[in-house]
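Assemble chain B onto chain P, guided by the hints.
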Amino acid sequence: MIPYATKPESNVSRFLHRRLYLVLLAPALLILGFVNVWPIVWSLYLSLTNRNLLNPMFVNFTGLKNYFEALKDPLFWLAAKQSLIYTVSVVALQFLIGLTLALALNRKLPGRGAFRALVLIPWVIPSAIAALSWIWMLDGLVGVVNDVLHKLGLISKFIPFLSQPHTAMLSVILVTVWKGFPFMAVMLLAALQTVSQDIYEAAEVDGASSIGRFFFITLPSIRHTVYITIILALVWTFNFMDAIWIMTKGGPIHSTEILVTYTYKMAFQSFEFGYSSALSVIILIMLAVFAYLYLRTFEREELE
Amino acid sequence: MILKKSAGIKVGVWLLAVFLVMTLSSFVATAKEKITFVQFGPTPERRAGIEKAVARFEELYPDIEVVIRNEPWSAGSSILTAAITGNAPDGVINIGGWMGSWAASGVLEPLDEYIAKWDDADQIWDVYWPSSNYFGKQWGLPAYYNTMVMFWNKDHFQDIGLDPEKAPTDYVQFREYAIKLTRDVNGDGINDHWGFGPAGKRWDIPTFFWMMWDKEADYVKNVNGKLQPGFLSEKVYEGMEWYVNLYRKDHVIPDSAISQDFTDIRTAFVGGKLSMTMYYNFNVPYFNSIEDFNYGYGAMFKGKERAYTWAGPYHVIMFKASKHKEAAWEFMKFMSAGEGADIMSEATFFLPFDKRLLDARKDRPELQPFFESMPFSYPQPMGPEVGNSDTAWPPYYQQALLGQISAKEAVQGVGKEIQKQIDKIYANR
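Taken in order, these protein sequences are the chains called P and B.
Each residue of the first sequence is one higher than the one before, starting from 1 at the first, in the working numbering.
Each residue of the second sequence is one higher than the one before, starting from 305 at the first, in the working numbering.
Chain P on its own, in the form it takes in the complex (with noise of 0.2 Å):
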């Protein structure tokens, strides 16, 4: 039998056959790339102009004028800082609570389907509707918690939560965390529910106490899963900005102003593109550095 001689293969086959991945993924990595990239390229092109839509005519290069202009705002340095506390504290918050609920939740109780669904619930509200209804309870003169803590005898008189630049942040804070710490609990939840109990009766024999256990084994077993939640909550916070924009746009006096409002003022109520463009790239860097350096840490650790 004379075995049939193969055609040689063209340099265009032997390219597809090597580099198939490639051509499958190029749609989708052209349409990424429009949709992610091109507007952040436009971003630093309109950060290095003056571009005003008042004055949409005079357009000038201007280099790195927006962001000197940034390092010397004063509300830029208000926003960036109550963009820290705003967002350390809700994941801070939510990690705990959710952490907490999560410990609660892989315990064998009654309704514990229930209690896991009900916990979804100010996850699922969408985050318009749930602020919203956050500025009528929280309301100075008609407020359902208002109400509940006057007839406690916590308070002697209504306090206008969203009035007052001492509590507009810490209310803000709140009802971020109450949005957000469902996320937190189911995702650290189904990582507590990859541990293997055999570990916790071992260490109970051999003595280790509830916190041991907790602090030596299940911290530990669940690493991963806190990174990872915990860095994805960090930015997602950090550029949430629907609960402040509708509960009180950054006031008052700029008291819930951060980065992500003070950026769309900028933009859409100033008309300051340039300028604004400026503000979203500094954030852009802010959190890439961060992530990059969490990151790193993360897979040092890993190492060692």
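The hints are all genuine.
Result set (DSS-like, lysine-lysine): computed pairs, CA atoms no more than 25 Å apart in a straight line: (1) B:Lys606 with B:Lys458; (2) P:Lys65 with P:Lys81; (3) B:Lys624 with B:Lys338; (4) P:Lys65 with B:Lys724; (5) B:Lys441 with B:Lys629; (6) B:Lys724 with B:Lys712; (7) B:Lys637 with B:Lys666; (8) B:Lys553 with P:Lys157; (9) B:Lys720 with B:Lys530; (10) B:Lys720 with P:Lys65; (11) B:Lys484 with P:Lys157; (12) B:Lys484 with B:Lys553; (13) B:Lys666 with B:Lys356; (14) B:Lys712 with B:Lys606; (15) B:Lys724 with P:Lys72; (16) B:Lys530 with B:Lys519; (17) P:Lys72 with B:Lys720; (18) B:Lys539 with B:Lys724.
Hints listed in this document are in silico derivations from the structure and should not be mistaken for laboratory results.
Same frame as chain P, but now just chain B:
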């Protein structure tokens, strides 16, 4: 085979014929010129009004089809962005305070040449024209106007022995009433009624007190060819101080009002928490719909030098990118002075700017407060210089109310914001 082939050809010919008929008929159906106008803030009354107005317009102009896009107020920046990129509708039937900013952005069609040929232009109440004139051109026609009036709770007035049919007529009386009306009704140590509830988050309310204290004040003035804030006077500072003291010394304004918008204040008023407030006339149908809500409305009280309110226009505008300018212009005229204006006014409680229509309404009892307000109704500032007033001005008022800065510093702060905008907008014009 031949039989099948000829049957196939017949089917093919029939299909082609059906396709051609459908294509031609759709072409005929779209022979009407189609124009699209946006309506912001589509309350049920505005929707009902515009549907009726459009139906009537299409009867009068059978070759024009009008499509109304109802959008929330928050869609303003999206519409502007669309206009800048050339994707705008033909126009807007009720743009408000953005008029000047949109004109500055270059997206609006100047209307001077159209207005010059318009027979009904002289039927428009004169107070309108300055509010749509920027950079030496006219950018809009009046859709309708709304004016700020006093609203009060008649039951509260009656409870403390005040005449429930009469609002305070001057600032002295207003303050006396507000102090008397602020009270703890059920003895639990918390005020249940507050004498006055302004929308503290708004940019406009405190400025009314400035204008009432200084009859020469205006938002922007042209001094020797240079635009500048027109309210930096000792009298205006005094007016602002008086307003701030309503909160800080007289305690007739609730704490929550500092950061509340009109809708919050409206709810507090309807809920019986506020005895008096300032609000726009278009809310009358809403208040009328609340069962057992005994309220009154009347012209604004007189300040130290004058009573003051706005003839706050909503404008009909056309985008420069419109491809149906003549048809759009016909619709704009219809909505501004004529049947369209009449229909919208009846549906919404807004008043028209058409003098003939105003004259036809002047004896209606429910509209008397607005006619009484006309002698001291001034154009609402809508220039690009006040374009960022929503965000830039309220923090100054709030700081003054909370005692962080003085009333004078608050007024001067707003003046700086206006000057900043003026310098930015007119730098290259």
